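K.L.:
Here's the letter readout for the chains.
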Amino acid sequence: MRDERIVKAFDSIDADDASRQRMLDSLLAERERMVAQGAEEPVSPGDKPSRGAEGLPTISDARRHGATPARTVLLRIAACLLVVAGIGAVALPMMSGSSSSSISSSASSEMTDSTKAESSASGSEAASGETTSTTAGTFPGDDLAGASLTIDGVVYHVATAEEAVNVGLPMTLPESSLAGSAVATELNLEDGDVVSASFQTISGISQERAVAVQREGASDWALFVVTQE
Amino acid sequence: MATYSRAFDDIEAIYNRQVSTVYRVCYSYLGNRADAEDATQNVFLRLLRSGASFESGEHEKAWLIRVSANLCKDVLKASVRKNVPLDAIPEPEAKPQEYDATLDIVLSLDEKYKDVVYLYYYEGWSTDQISGALGKPPSTIRSYLSEARALLRERLGGEMA
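Taken in order, these protein sequences are the chains called A and B. Position one of the first sequence corresponds to residue 1 (my numbering), numbered consecutively onward. Position one of the second sequence corresponds to residue 1001 (my numbering), numbered consecutively onward.
Bound-form chain A, shown alone:
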C-alpha cells in the first residue's frame, strides 16, 4: 500500500543524468570486454528461466550454466596431471611408497568430481614427490557456484579450477593450510540468498589475493579469490 509521504521521500532521490550515463557506459564496456574475451553467454537462447517458489532464479540455474565449462577445465587439468605424474614417476625413480600412491591416486581414471578438483590443484605437489593428504571434501562449486563475499571492501568469489591452479592451491583447502582465526561473515549466493560463513587467511597467501571460506554447516574450506572488477 503506497504512502504519499514515503513515495515523495523516495522520489526525491535518484541518480542524476551524468551518473546514469557513467554507470551505463561502464556496464556496456564490461559486456564488450566479456564478448571480446569470448565469454559464452551465460544463458542459452532456448532456456526458460527456472523460478523458485519466490519467483527468483535458483542456485540450480547457476550450477547448470556453470557446470559445463568448469568440468571441461577440470578434465583438461586432470589430463595434464596424468602426463605430469607419468613424467614424475619416470624422472624420480627414488620416489616410492607414499609419493607413488599419491601419484597413482591422481592418475586414477575413476576419479569423482571432488577428487578431480582436489588432485588437479595438488598435482604439482604430487609430482614433486611430496606426500599430499587428500581431503575427502565435496567439490566446492556444488554448493557455492557463483558465491561471493566482501571483506574490507574487497570482493571475492569462489575459485574456478584454473584460478586455483594459478594461486597454487587446491579448491578445497586442508585445515593445515589455514592461518589466523576464523571470522564470521556472510556469503552471497548466485540467486541472491545470503548464508552464514566463516573466512580465514591462508598460510603464505596474501589476503589481497585469496582467502579460505567455510559455509556454515559445511566441513570444507573453499578457496575464494579476489574478483577483478
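In case anyone wonders, no lab produced these hints; they're calculated from the structure. If a hint is listed, it holds; no wrong ones were tucked in.
Lysine-lysine pairs mimicking DSS-like chemistry, simulated, CA-CA at most 27 Å apart:
# : chain 1 : residue 1 : chain 2 : residue 2
1 : B       : K1112     : A       : K8
2 : B       : K1136     : B       : K1061
3 : B       : K1061     : A       : K8
4 : B       : K1073     : B       : K1061
5 : B       : K1112     : B       : K1061
6 : B       : K1073     : A       : K8
7 : B       : K1112     : B       : K1073
8 : B       : K1136     : B       : K1112
9 : B       : K1077     : B       : K1112
Everything numeric in this text was worked out from a predicted model, so none of it was measured.
Fit chain B to the supplied structure of chain A, relying on the hints for placement.
P.N.:
Below, chain B without anything else, positioned relative to chain A:
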C-alpha cells in the same frame, strides 16, 4: 512462456527500466550518493555476469532489489570492519532540492525494515509479494512491517496505512 528478458542481451534495457529502483534501494541502505552509485553499478555488473533471465518485470525487479539489499549489507559490514577513523568520514552532502525530512526518518530505520518499507510503501507490493522477493516468510514480513509502521508513526506522526 516466453522469457521476458535475458540479462546479457538486454542489459541496457533492464538498466534503463530499473536503475532508479536499484539506486533508491542502495541509497536507502548507504545514505549517500557516491556509495549508492558504486553499489548500483555493482548490482548491474552482477546481473550481467549472472546469466539470470526473467519472466516478468516484477520478477526482474524482485531479483534486483534482493541483490541490491544483500550487496549493500555487505558494504556496510565491510565498512564497520574497516573501523574507519572519524577524520576520514566525509562531510555530509548537500540535501536534494526537493528534500523531504521524511527521507531521513526512513533512512534512520534499522536495516531489516528498509527494503520492506520501500517495497510496501513505495512500490505498493503486498506482503506476499515482498515475502517472495526477499525470500522471507510472510509472517516475518508482516512482523517487520508492523514494527516499522510503529516507528514511522512515532517519528513521522499521523497515521500509516
